[in-house]
Amino acid sequence: MLELRGLSKHFGGVKALDGLDLTVNEGDIFGLIGPNGSGKSTTINLICGVYGVTAGTVHFQGDLMNGKPPHQRLRAGIARTFQNIRLFPNLTVWQNLWVAQNSPRDVSAQGFMPRWFGATRRTREEIAGLLELADLGHKSDELASNLAFGEQRRLEFARAAAARPRLLLLDEPAAGMSRAEIDDLSLRIRRVRDSGVTILLVEHVMELVMGVTEQIVVLNFGHKIAFGTPGEVQRNKDVQAAYLGTSSSESQPLDGSV
Amino acid sequence: MSYYLGLTQLIGIHTLLGLSAYILMLTGQLSLGQAGFFAIGAYSAGILTVIFELPILPALLAGAFIAAFFAFFVGFPALRVKGLMLVVATIAFGEFVRLFFFNLSWRVPRGDIEVGPDSTNGFREIRYFVANGWSAWEITAFVWIFVILVMAVLWWTDRSRAGAVLRAVGEDELAAQSVGINLTAVKVAAMTAGGFIAGIGGALYAHTATYIDHLTFTVLLATFAISYPILGGLSSVFGTLVAVIFIQGVLVEGLRFLGDWRNIVFGLLIIAAMNLKPSGLFDPRTSQLLKRAVGLGGGE
Ligand SMILES: Nc1ncnc2c1ncn2[C@@H]1O[C@H](COP(=O)(O)OP(=O)(O)O)[C@@H](O)[C@H]1O
Ligand SMILES: [Mg+2]
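Those protein sequences? They're chains X and E, same order as listed.
Just so it is clear: in the first sequence, position 195 is 195 by the working numbering, and no numbers are missing.
Numbers in the working numbering are just positions in the second sequence, counted from 1, shifted up by 258.
Wrong hints could be hidden among the right ones.
To be verified - Here are the computed lysine-lysine pairs in the DSS-like style, where the Cα-Cα straight-line distance is at most 30 Å: (1) X:K15 x E:K340; (2) X:K139 x X:K224; (3) X:K68 x X:K237; (4) X:K68 x X:K224; (5) X:K139 x E:K340; (6) X:K15 x X:K224.
What the hints assert, rightly or not - Computed list of chain E residues with no C-beta within reach of chain X, every gap over 12 Å: (7) I314; (8) S418; (9) V427; (10) D430; (11) L492; (12) R514.
Don't read these hints as lab results, they were simulated from the structure.
For glycine and all other residues, C-beta sits at the position ideal for the given N, C-alpha and C.
Start from the sequences and build out the full structure, keeping to the hints where you can.
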């Protein structure tokens with residue numbers, strides 16, 4: 001479903017990503033891990049079109065995505081979350097979800113109608129479903145900036161799901177979460193996958209990656225250093241070296257702690 | 259009485275000018291070019307009633323559409339520049355328009371005299387209202403019909419999905435793109451709508467003042483345009499109206515006895531108001547959007 005070939009991004013002299021090949025199949029929960037600065041977020045930004053590629057191609061469902069702006073890629077079915085939460089802070093929770101309903105089916109002439117009769121019944125039902133997914137039903141009229149950190153992460157996740165994407169890219173969704181929240185998140189990720197969405201999970205927190213992904217690619221310094229099931233990757237010498245070779249705080253996630 | 263009616267008209271017209279900047283600021287664009295669109299509306303509508311002898315309503319609408327047309331084309335290059343660079347680029351546009359009208363001479367004979375824009379001498383005799391026997395009350399009502407219409411449309415839009423999309427773009431462009439919002443379409447649409455609203459204001463101004471020249475449309479007017487929504491806040495269209503009443507009705511008129519010293523006092527009062535009551539005049543939402551618009555603390 002997603003095919004990256006020779007994907008590279010250089011920032012001046014920094015080779016943030018250098019020749020990444022990766023294939024994600026429909027229905028996967030695919031993991032992308034690596035130490036800080038290894039090029040994970042860059043990969044997401046290249047898939048979404050936030051950055052232009054230095055070299056290589058991005059194919060999604062057989063179509064070449066290179067050169068397409070982010071909103072067109074979203075409409076083609078690729079949605080994402082951000083490593084640093086980026087909500088619309090002065091819109092309400094409900095509005096955050098409303099503006100994110102941008103699949104081709106959603107774009108209608110009713111856009112200029114006020115909420116109470118501009119939002120169709122289908123729109124309302126879908127937003128109610130998303131609120132339930134994010135467990136934010138009771139906060140629907142709260143400004144996004146008034147939410148607690150964990151609630152903001154859940155809202156961003158639901159916002160990404162609002163366009164009914166085919167592929168969901170999650171950039172470190174568990175960062176800063178407690179153990180209970182991480183368990184919650186894995187349930188939520190599985191639920192979205194079971195509704196027919198393929199997931200590419202970028203993560204630092206090994207608990208989550210090891211628990212939910214079926215296949216993992218490991219990046220280091222912009223290169224793929226390993227590929228396999230969670231178990232295989234965990235035993236891989238290069239991977240252990242990459243994690244231990246960086247600061248000690250980054251070696252911890254491999255052992256399962258945050 | 260006619261003094262107060264004249265002031266009421268001016269407040270209405272400046273509210274339109276302020277709202278034209280307001281809708282742009284919702285999308286995070288700070289423009290000092292609104293005086294240019296106001297001038298295009300003023301000259302176009304004036305030319306249509308004076309030279310082509312059209313009634314006021316079609317002339318006014320045509321003026322608004324012509325201003326919107328230019329705004330549409332300014333919208334595209336404006337996408338490439340952000341923050342302070344957009345401010346500078348829109349000043350350049352406003353000055354270009356002003357200098358165009360500074361040079362425009364289009365005189366046609368009418369009876370014993372010639373009418374039409376006369377470059378440096380200005381554009382006199384925009385006498386549609388007088389010639390058709392409108393009373394000051396009628397003119398005032400006519401102006402305010404447009405003010406109320408525009409405010410109603412913007413108030414309505416703010417409750418729609420389209421309104422939420424405008425604000426989403428103003429709050430975080432990267433996030434907006436990533437949820438599938440077409441930034442180009444939204445920003446150009448806001449610019450065009452802003453041009454249309456400024457064009458209505460300009461057309462009304464030309465016909466209430468009966469005389470315009472290029473000096474009316476300097477960057478000072480453009481500064482007024484953005485100070486209304488800045489002071490009034492972006493939470494609602496009523497903030498802009500209140501700010502216009504405060505600045506034009508209370509400050510400018512109230513300080514008239516000071517003569518030229520007025521501008522200094524006016525500036526000091528605004529600075530004082532912004533420092534003493536930052537959250538009253540500037541609601542937090544507005545200061546956040548403003549910081550983004552000029553590129554301070556706006557994230558990546
Ligand atoms: N916009 C940018 N400009 C310059 N360098 C960047 C930019 N984005 C990322 N980088 C660099 O690219 C490398 C990879 O970054 P990133 O993809 O964010 O890593 P990760 O998400 O794996 O922590 C880092 O060295 C980072 O400093
Ligand atoms: Mg990252």
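Hints, one by one, checked against the model:
1. A threshold of 30 Å between alpha carbons decides the hint, and for X:K15 with E:K340 the separation of about 28 Å falls inside it, so the pair holds.
2. At most 30 Å may separate the alpha-carbon atoms for a hinted pair to count; X:K139 and X:K224 exceed this at roughly 42 Å.
3. Only pairs whose Cα atoms come within 30 Å are accepted, and X:K68 paired with X:K237 is rejected, the gap being roughly 39 Å.
4. Among the hinted pairs, X:K68 with X:K224 is consistent with the structure: their alpha-carbon atoms are about 25 Å apart, no more than 30 Å.
5. For the suggested pair X:K139 and E:K340, the alpha carbons sit about 34 Å apart, so the restraint of at most 30 Å is broken.
6. For the hint pairing X:K15 with X:K224, the CA-to-CA distance comes to about 13 Å; that is within 30 Å, so the pair holds.
7. The claim that E:I314 lies off the interface holds: its Cβ sits roughly 28 Å from the closest Cβ of chain X, which is beyond the 12 Å cut-off.
8. At the 12 Å boundary, the C-beta of E:S418 falls inside the reach of chain X, the nearest C-beta of that chain being 5 Å off.
9. Not every C-beta of chain X lies more than 12 Å from that of E:V427, the closest at about 9 Å, which undercuts listing it as non-interface.
10. The non-interface label for E:D430 is inconsistent with chain X: the shortest C-beta to C-beta separation is roughly 5 Å, within 12 Å.
11. A beta-carbon of chain X is positioned within 12 Å of the beta-carbon of E:L492; the least distance is around 9 Å.
12. Listed as outside the interface, E:R514 is consistent with that label: its C-beta sits roughly 38 Å from the nearest C-beta of chain X, beyond the 12 Å cut-off.
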